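Please model the complete structure; the sequences and the hints are all you need to start from.
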Amino acid sequence: MHRMQEAFNRAHSQSRGALVVYLTAGFPTMDESEALMLQAARSGADIIEVGIPFSDPIADGPAIQAAGQTALQEGANLRDILRMIASLSAQTDTPIVIMSGYNPILAYDPERFAADASEAGVCGVLIADLPPAEGEAWCDAAAEHGLSTVFLVAPTTTPERFTRIVQCTTGFVYVLSRMGVTGERETLPPELPGLVRRVRECTSLPIAVGFGISNSEQVSAVCALADGVIVGSAVVRAAALHDAATSRLEAVRNTVAELAKACIR
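Numbered per the working numbering, the sequence shown spans residues 44 to 308.
If you're looking for bench data, these hints aren't it; they were derived computationally from the structure.
Label-pair restraints from in silico Cβ distances: (1) Q57 with Q134: 15 to 25 Å; (2) G118 with S259: 33 to 43 Å; (3) R308 with D152: 37 to 47 Å; (4) S259 with P233: 15 to 25 Å; (5) D183 with P233: 30 to 40 Å; (6) S58 with G118: 35 to 45 Å; (7) C245 with R53: 20 to 30 Å; (8) T199 with A133: 33 to 43 Å.
On a predicted model such as this, the values are computed, not experimentally measured, just so you know.
Yeah, the Cβ is synthetic: ideal placement off N, Cα and C, and Gly gets one too.
This is the structure we're talking about:
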């Protein structure tokens, strides 16, 4: 069984939803991003989602955009990020998923990226702007190197595309709680339960909901519907509020611990 699915199964056996925590690679520096991710893993994250900073982000909200710009200004690149992940994976058994646009992977070379990511300890890859209809070559490369591929299901996904997405996904299904960009929202959309039910009817894979999940109440509500919850902006923002590295670590520890507590059903 794949390590990501094991993480979801372990959370389920403990009567809680799995917590997926997103942090931007290279923010505020490469070394400190590794420390923040390790802190998140030790504070209750079941899966670490490593965001690849990109100069033209498509769906990133203000907090993650700012973190990505800081990382790029510090010289973050895919090769160094994979080195950081290799170091991180040597220190924790927490599964690591990469979230990226396809352009950085194309520039790196998809086949080589799949091989290097797998060697670094990555379990799966989510390419936010790669539709399954155009992703056959990537999916083949990922499968060859033991990587899961995660696709996104949105509220506006058509029935035909919906079925293809679910069939092509091999890790967990990432359900977007809403359209737009990432970032913290005050409420969950009323159509979310129906969307999760639609996905549940089509797959036995774990389902995790992300985009706009910002507080413990929302985490609890999502974990009552789905197998897991993905939180990014709230954790990135908590770290970004502080100037001192020790304060950023403490902020991530406290935020993730609070979110993990809210995952208990």
